[in-house]
Amino acid sequence: MPDNYARLVTALGQVADLEADHLLVIQEAAALLEHADALDDAVRAHGAMVTTDRGGAKVHPAIAESRRLRTEAMALLRPVMPEPEEDTRPTDRSSAARAMARARWGTR
1 MPDNYARLVT
11 ALGQVADLEA
21 DHLLVIQEAA
31 ALLEHADALD
41 DAVRAHGAMV
51 TTDRGGAKVH
61 PAIAESRRLR
71 TEAMALLRPV
81 MPEPEEDTRP
91 TDRSSAARAM
101 ARARWGTR
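The sequence shown: position 73 = 73 (the working numbering), numbered continuously.
No lab work stands behind these hints: they were computed from the structure.
For each label pair, taking beta carbons as the anchor points, the in silico distance ranges come out as:
| id | residue 1 | residue 2 | range |
| --- | --- | --- | --- |
| 1 | Ala16 | Arg68 | 22 to 28 Å |
| 2 | Gly13 | Arg54 | 46 to 52 Å |
| 3 | Asp40 | Gln14 | 21 to 27 Å |
| 4 | Asp17 | Arg98 | 38 to 44 Å |
These figures come from a predicted structure and were not determined experimentally.
Note that CB positions come from ideal geometry on N, CA and C, so glycine has one too.
Working from the sequences, and respecting the hints, build out all of it.
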């Protein structure tokens, strides 16, 4: 857990003020990410496909579990992360098309 924990604290500490309860959340998320990393290592070692009891092939179950753990970690981290800056892109298609045309042709 130390590698992912240290990376998360460093990355989030640069963009947000971390409090004690945030560190606990980061610690939990780091543990999930460490487990996901271990599952990824297992997939690399055994391959993306595994043989079933009946001799068929199927996708390694660790792939889905790793994805689930990473999604869960992001859900834990979402409240700790700072709010994104306001999006200034146009919301309707006509405005978006005009903005793209202005950017391409340099018109105002």
